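Trainee: Chains as they are written, first to last, in this note's numbering: chain Z, 628 to 1060; chain D, 628 to 1060; chain P, 628 to 1060.
Any given hint might turn out to be false.
Put simply, identical chains are the same to the list, so a pair is met inside one copy or across any two.
[What the hints assert, rightly or not] Each computed DSS-like pair below joins lysine-lysine, with the alpha-carbon atoms no more than 30 Å apart:
#  : residue 1 : residue 2
1  : Lys984    : Lys799
2  : Lys1030   : Lys864
3  : Lys909    : Lys1030
4  : Lys687    : Lys838
5  : Lys903    : Lys1030
6  : Lys710    : Lys993
7  : Lys864    : Lys1022
8  : Lys1022   : Lys799
9  : Lys634    : Lys1030
10 : Lys679    : Lys984
11 : Lys909    : Lys1035
12 : Lys993    : Lys679
13 : Lys831    : Lys710
14 : Lys903    : Lys687
15 : Lys1003   : Lys838
16 : Lys692    : Lys993
17 : Lys765    : Lys641
18 : Lys692    : Lys1003
Since the hints were derived computationally from the structure, they do not count as laboratory data.
Note that the structure is predicted; figures quoted are calculated from it, not measured.
For reference, the chains in residue letters:
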Amino acid sequence: MSNYSEKPLIKHAKQLFAICRSLTGEGTRRTLSYFEEYHPEYIRLKFSTGTKVFDWEIPKEWNIKDAYLEHLDTGRRFAEFKKSNLHVVGYSAPVDAVMNLDELESRIYTQPDQPDWIPYVTSYYQEIWGFCIAENEKKNLPAGKYHVFIDSSLNEGNLELSHVLLRGKLRKEIFFSSYICHPSMANNELSGPIVLNAVLDYVKQVYPESKYSYRFVLLPETIGSISYLSLFANDMKQNVICGFNLSCVGDERAFSYVQSPEANTLADKALSTALKGRDNVKIYSYLERGSDERQYCSPGIDLPLCTFCRTKFGEYPEYHTSADDFSVVTENGLQGALSVLKLIIDAFETCLFPCCKFPCEPQLGKRGLYPNISQKSSNHPARARMDILAFSNGKNSIFDIAKLANLKLETVVHELKLLLNADLIVDSDDVNC
Amino acid sequence: MSNYSEKPLIKHAKQLFAICRSLTGEGTRRTLSYFEEYHPEYIRLKFSTGTKVFDWEIPKEWNIKDAYLEHLDTGRRFAEFKKSNLHVVGYSAPVDAVMNLDELESRIYTQPDQPDWIPYVTSYYQEIWGFCIAENEKKNLPAGKYHVFIDSSLNEGNLELSHVLLRGKLRKEIFFSSYICHPSMANNELSGPIVLNAVLDYVKQVYPESKYSYRFVLLPETIGSISYLSLFANDMKQNVICGFNLSCVGDERAFSYVQSPEANTLADKALSTALKGRDNVKIYSYLERGSDERQYCSPGIDLPLCTFCRTKFGEYPEYHTSADDFSVVTENGLQGALSVLKLIIDAFETCLFPCCKFPCEPQLGKRGLYPNISQKSSNHPARARMDILAFSNGKNSIFDIAKLANLKLETVVHELKLLLNADLIVDSDDVNC
Amino acid sequence: MSNYSEKPLIKHAKQLFAICRSLTGEGTRRTLSYFEEYHPEYIRLKFSTGTKVFDWEIPKEWNIKDAYLEHLDTGRRFAEFKKSNLHVVGYSAPVDAVMNLDELESRIYTQPDQPDWIPYVTSYYQEIWGFCIAENEKKNLPAGKYHVFIDSSLNEGNLELSHVLLRGKLRKEIFFSSYICHPSMANNELSGPIVLNAVLDYVKQVYPESKYSYRFVLLPETIGSISYLSLFANDMKQNVICGFNLSCVGDERAFSYVQSPEANTLADKALSTALKGRDNVKIYSYLERGSDERQYCSPGIDLPLCTFCRTKFGEYPEYHTSADDFSVVTENGLQGALSVLKLIIDAFETCLFPCCKFPCEPQLGKRGLYPNISQKSSNHPARARMDILAFSNGKNSIFDIAKLANLKLETVVHELKLLLNADLIVDSDDVNC
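The whole structure should be built from the sequences, with the hints applied where relevant.
Mentor: The structure is reproduced here in structure tokens:
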């Protein structure tokens, strides 16, 4: 198997796009398998139908082969699953019946304010069936009788998810999560797993002997993260120092994140400094949450985590419709998200809590890190270096320092590498200083 | 005796208006007795003249029967106590003499910038006598000799106050204080005791088995609260978690409060969230204090208390003059203040520190508290509920949650009742969660 | 010896101006001796060449007798050390050679954006030689050969500094530092030592039995403070509660200071309240640092110190040029800086942590500190007094109180003296209250 990152990310996305994913079922399994082939470190976990996870219960496994509405008079088919898996309400029960358009109408979901797009609708916990079509298509459905057909099944089975823990020198973990429960939509949510696996690849390639441990998990939203936490919350509460839930990370329109409840974790600080200076950065309070940060940051779990997005779920028009496709998600968009996460990993692995080894300023001049001749000027060449040292007290994180010194995170990473090479600082995560 | 709240509050106020109250004396006793008839739980406390209370000493008891200035030539009387008890400087020593207008003038107090109103003047701790009249009346006093007559007495006696402690399941107390030392002025200060007794009535009627304990006290300002604290400060410092001093709570012009010194107590939070969305809300810093919060929040006492007002003392023109009457104070005004305090009591009694019983989000759908079908929309019907749960960590108070979730306190009380009924939360004041 | 303060400060400055100071050498010694004559309490400390101080090493001692450039054809001299000691790059190695203007040019430093002024240039840690002249003079240097002459020496010797610790009743120290390493520039940096010695004089005259201990130190910048800290950092970390580095305190243009890294020390609070209401106050963040606060506030040292300036170094055009002379520095300017520091010392010595001796408000009226007759008015005569008492909890410093009560520091000092005389407060630095 070649490296995951040898292929453009958009190619991975296009390969997986057509699969019908949901909380459970074959499509989700195939999606997990795809990533596991590139990263054999993944471990698959299964939760069988009926298992209690906190206040919830694992639902039946849903599988679907085909579905459509066939107008009996003309033989014309509508809402064909084979054309778009969004045409079926997620978790629809099977049906094979003939009914009048009148009877059928209450089972047809549209998004009237976006009349050309098929909406994404689910009913996981109440057994119904239904179809989703564009409002304009619904208006033109011919009157008369229809063969209503959904060839689905709801049976005892498993909810599945995959995770990997790359152990570093320290037990402290950086955590990445994304979800694999959405059918054919590109940004929400193929982009999350696509980028998460590129991050995993980056850590493996660049930091094979990493300082921190890295945890990656791919799961169905809500019930998946709740299931996962029912097993690992205690471990994670002890070890996770920073976490990112990835969602809608494939477009080029913005960079954004949803703050943790108190907006002051390492994850908040990492994202706010890593995004500094980029175009169109939007920061959302925890009140704007909506993805698995709802579970990871819930009372009693309290992980230090933010949800990272390009354009946040709910904030772009194509969200949760058939228009969320590769006109929204691009290679540039995916790479932009990846570059932010790589920078954050570089920051962690360089020196999380820099601590100057000397009281007072060290003598930079004798190390070639400071000009020897002193004359006033507006532009001090070693100013960033001096500012970083001035805050390197072993308590400020690299992200705090970037903020205090008003520097780009890239600059701080670069300067800290110089200072480490000159043996002027240590990481207080390595040693008490 | 009927319930206090069966009568309009304004009727109580009008019944008590004419009484001449001061720090001590018959008028004050009669006022206390009036409320004690409705609430036999009150206990009367007496501090006899000369008793030391912290840095102070209980003054003599002051009583007054009559007073006037009689122009000898014409027999016309001015500054008649029987027309307004404001005509006499509070705590005036007795006098019965004849003197020229010239001699008399330094004993006559007016409010020159409000020339039609009688000002309210006192001299509790320096024995003088004096009269108060409208500036315009003073200008027209005929020249010549006057019979100057004040039939008052300053004798050994008692300073009296009444308090009640309604014990709840917890020793933690909510504290209400107001004062009964002002003669005939309606807002400052009949409104305070009038509303305080309605709050007492509310707790008795609605929460006969309350969770929290409730302390109510009616006393003369400054020396009264100092006397009270000289006995109860230690108890109160241990038990009072939230207190309100009520002053000027009878007009319809504004809602306001004076913050505690650090502006971060439960009382500050309760008022700021309970007033949210009301018209004309004004928040004053502790530098704007002026009532008994001066004692309750003083260094060494440090109770978590705010002074609650409609329009704050000193901020309305009629303040401390004869114009502070029932053109200022109305039933609507009194009921508006009462409604705020009832809402705060409801909040305390519903769930002060909500704590979700499950890690992760509970499954609201299976309890009918969340829609089963998921489709994007701008208006999520369970959003407030979800937001409240997201902050229900057993450490945020109901008031913190209202602020964090940007919700009206009424909404939070309502939703928490639903969540309690669904057995999804507990109050961490009841149990550690 | 007369008192230091009997002479105008500007006279001291003018007497010292011509001396050629540097990190080491005779000029610096003479400058220290000048102050030691007025203040025999000073102790001279010497660090010999080659001594290790933290990450640094004491350099050779530099002395200079003469220097110039002589145009051989005409005999005209340029860059004459005897006319301005700024003409020689600080720490220049000796040279006695003949060279063409072409060869010479790279050794001539100018400030092209300020073409009429000689710039101040040093090269302490790389042995070079060089001359500094005005850009306009450089342009007019005649072509041809020059006798290049610097009669300097770089030998084993000492770095010297002087310090004094005036012991008060408490070991807690107020710390003042300034530097004596600049040649003929008036604001940066004769003004600092000139004012520091006036502060020392003030403490000796006005507070011969001071409550706090006072430490004063005169040293060469950077290497001097590092040397000093290598001996005293532990003592100072234990005892210094407030420190001021004095730099550029002689002009009349502004009052300013550089905040400590977290901007919340007693020094920050003292300066922000002492400067309140003065004209043209500028506060700089620690990112704008540049003087010995760089060492005193560095990680591992962490003294609670600010650098106090009139116009901050680097913020006035004459800075580090020959134009920094007595057109910049005036008696008024020096006295203005001194008055701020005197006020701060008065605040410390009056009552640093006022604590009211009584729970509740004390009865000010019986002590003549409060009007006995109470009538409403917009201007309460005892308002400041009451506000100060309201925050006198033994934890707020006098500077906190000035800020909380929105009062000038002068007012707070004055009122606290009244309250101390009335035996109403104690300093919790004297006794636990």
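Trainee: Within, between, both or neither: how does the pair Lys909, Lys1035 come out at a Cα-Cα threshold of 30 Å?
Mentor: Intra 17 Å, inter 27 Å, cutoff 30 Å: intra and inter.
Trainee: When no copy is named, should Lys864 and Lys1022 be tagged within, between, both, or neither for a Cα gap of at most 30 Å?
Mentor: both (21 Å within a copy, 18 Å between copies)
Trainee: Within, between, both or neither: how does the pair Lys993, Lys679 come out at a Cα-Cα threshold of 30 Å?
Mentor: between (65 Å within a copy, 14 Å between copies)
Trainee: For Lys903 and Lys1030, with the copy left unspecified, which applies at a CA distance of at most 30 Å: within, between, both, or neither?
Mentor: Intra 9 Å, inter 29 Å, cutoff 30 Å: intra and inter.
Trainee: Is the C-alpha distance from Lys692 to Lys1003 at most 30 Å within one copy, between copies, in both cases, or in neither?
Mentor: between (76 Å within a copy, 26 Å between copies)
Trainee: Is it within a copy, between copies, both, or neither that the alpha carbon of Lys634 lies no farther than 30 Å from that of Lys1030?
Mentor: Answer is neither: 35 Å inside a copy and 48 Å across each miss the 30 Å cutoff.
Trainee: Is it within, between, both, or neither for Lys831 and Lys710, if the alpha carbons may be no more than 30 Å apart?
Mentor: neither (38 Å within a copy, 67 Å between copies)
Trainee: Within, between, both or neither: how does the pair Lys903, Lys687 come out at a Cα-Cα threshold of 30 Å?
Mentor: neither (45 Å within a copy, 46 Å between copies)
Trainee: When no copy is named, should Lys765 and Lys641 be tagged within, between, both, or neither for a Cα gap of at most 30 Å?
Mentor: Answer is within; shortest intra-copy Cα gap is 29 Å, inter-copy 69 Å.
Trainee: How do Lys679 and Lys984 come out at 30 Å by Cα distance, when the copy is not named: within, between, both, or neither?
Mentor: between (52 Å within a copy, 15 Å between copies)
Trainee: My question is about Lys909 and Lys1030: at a cut-off of 30 Å on alpha-carbon distance, are they close within one copy, between copies, both, or neither?
Mentor: both (17 Å within a copy, 22 Å between copies)
Trainee: My question is about Lys692 and Lys993: at a cut-off of 30 Å on alpha-carbon distance, are they close within one copy, between copies, both, or neither?
Mentor: between (73 Å within a copy, 28 Å between copies)
Going down the numbered hints, you'll see the structure goes against 4, 6, 9, 13, 14, 15, while the others check out.
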